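Trainee: Chains as they are written, first to last, in the working numbering: chain A, 7 to 308; chain B, 18 to 252.
Everything labelled a hint here was simulated from the structure, so no lab data went into it.
On a predicted model such as this, the values are computed, not experimentally measured, just so you know.
The reader is advised that the hints may include incorrect statements.
[Said to hold, decoys possible] What follows is a set of in silico ranges between Cβ atoms, one per label pair, in the way DEER data are often shown:
1. A:152 / B:139: 50 to 60 Å
2. B:22 / A:95: 23 to 33 Å
3. B:36 / A:171: 45 to 55 Å
4. A:171 / B:101: 27 to 37 Å
5. A:296 / B:140: 30 to 40 Å
6. B:133 / A:86: 31 to 41 Å
7. A:155 / B:86: 43 to 53 Å
8. A:152 / B:154: 51 to 61 Å
9. A:39 / B:202: 33 to 43 Å
Note that beta-carbon positions come from the ideal geometry of N, C-alpha and C, so glycine has one too.
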Amino acid sequence: MFELINTLLIGITAGSIYSLMAISIVLVWRSTRVVNFAAGGLALASSFVGAAILEKTGSFWIALPLAMVAGAVFSAFIEYFFLRPLLKRSGDQGAEIFLPIIATLGLLGIIKTILNYIYGDRIGALPPPLPDKGFVVSGESIALSPMRLLILGIVLLLMISLTLIFQRTNLGLSLRASSFAPEISRLAGIRVDFIRTVGWAISGAAGATAGILQTTNGSGSVSPESFEFSLLLVFGFVAAVIGGIESLVGAVLGGLTLGIILAIILMYVGGSLVFIAAFLILILVLLLRPQGIIGAKGGRRA
Amino acid sequence: MLRIENLTVDHGAIRALHGVSFNVEKGQLAAVIGANGAGKTTLLRTLSGLNKASDGQAHWSDHNILHSKPEKLVRHGITHVSEGKSVIPELTVSENLELGSLWRRNRSESAQSKKEVLELFPRLGERLSQRADSLSGGERQMLALGRSIMSKPELLLLDEPSLGLAPLVIEQIFQAIRDLTTAKGLTVILVEQNAMGALKIADVGIVLNLGSIAASGSAAALKDDPAVRAAYLGF
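Based on the provided sequences and hints, a complete structural model is requested.
Mentor: Below, the structure is given as structure tokens:
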């Protein structure tokens, strides 16, 4: 019984981090219809910024928000100077579906190369700011530690903030309108290009948080060739697809579902199967329910 | 005044408008009629900044409106309601309305505009929190018109508001357009397939044929012109 509860706790914590990464991917998809594989690279770069600030200041509480700002700036920069001119030029030649995918994959490589060039073999340390030892319940130590509680708290706080921004503010209305119907939004006076950049910036901040939490929850250090970040990108992407790629709520549900399933497999089947399992889940969802858990009926929108 | 001179628009290799010139006085309702493919929608999309002009000029109160983005033209008083119930189905009725006034960044003015719109279309008031895709065709057209009013337009470009609506609803929508034009002193370019209905409420009419102006003049005169009747009104 303890074992199962612990497995679920581990799954929910890891899953909440995948949810953040999925949110990062969904936000970019919704604002520009681009599948952003560079999101993993941006999270990595932001985590290096976080590690550098942590080294200077010694405070996780300064490092996290500044890394989020860095993630937002990196992401907005890429949208403005790279994706926007690319999408404007590609026009209607039929290649516009593949162009952004190839472009973001290329960007991922470029970001990693740059980080490799700057950091080489050095790593950035991001140790857990709170004890990682589980709370003790009736003599037994459970998987829920102060650190895990903190991760869940940060993710929850971000999700509540995002929901409030999207549902209650003018910026949120502009973001939703621009993603559903860019032309009508333009005609209503919304500066859709600017709003898209804002969407990318929020995505970058969410990705940065995911990167930092993934590191503190995992090995405690980032490196340019970090396997943890490859996992984060893949799992975030799978979670976004499970959730229907259009929906923030879907991204959260997708991340939690994936986290729990993978934790159960890790516990009861074996660690070597986790990666394969994630892809199997992806393929099953695409075959059985391509619109995702809460995607709209009638299939995916273009 | 809206002044259009020698407006020419190309869609790739196809010339959609050939040197179209006409003026519309402030406060007038101009109906643009013509068959499918005559260039009516292209004309509106060019005036609102969605399409690029290849040649010619267009001025709205001495402001050059070609080569501007739609979101910028809204700030100069030009609002375009595009073809086919131009609302965002995923948003609520209230959100669709508010969208039109976001750029004004003035909550009290925006609330005032919303009150006006709801007085004009009380049915929207009963459905404020519903998603726009739950509305009937006529209600969606009212919502699209309502949103455009929220942008506080001076020049309103309407693309086929009667499309797909029942005759009785068309009459209501046309009456609302006429009332709005008079009450708010708007200048309106109304593009319509329903030529008779549009000419009934319009002050002036412009007949487009294959991208050129075939006839123009007062709406009443066009309505009685035997050639126009035969070619565009169907009797």
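Trainee: The structure should be examined with respect to each hint, and the outcome stated for every one.
Mentor: Structure-based check of all given hints:
The supplied range of 50 to 60 Å is met by residue 152 of chain A and residue 139 of chain B, whose beta-carbon atoms lie about 57 Å from each other. Between residue 22 of chain B and residue 95 of chain A the CB atoms are about 32 Å apart, so this pair conforms to the stated range of 23 to 33 Å. The hinted window of 45 to 55 Å between residue 36 of chain B and residue 171 of chain A holds, with their beta carbons roughly 49 Å apart. In this structure the supplied range 27 to 37 Å holds for residue 171 of chain A paired with residue 101 of chain B, their Cβ-Cβ distance being about 31 Å.
The beta-carbon spacing between residue 296 of chain A and residue 140 of chain B, approximately 37 Å, falls within the hinted interval of 30 to 40 Å. At about 38 Å, the beta-carbon gap between residue 133 of chain B and residue 86 of chain A stays in the expected band of 31 to 41 Å. Here the CB-CB span from residue 155 of chain A to residue 86 of chain B is close to 48 Å, well matched to the stated 43 to 53 Å. In this structure the supplied range 51 to 61 Å holds for residue 152 of chain A paired with residue 154 of chain B, their Cβ-Cβ distance being about 58 Å.
For the hinted restraint 33 to 43 Å between residue 39 of chain A and residue 202 of chain B, the CB-CB distance of approximately 41 Å keeps it satisfied.
Figure legend: structure checked against the earlier numbered hints; every hint is met.
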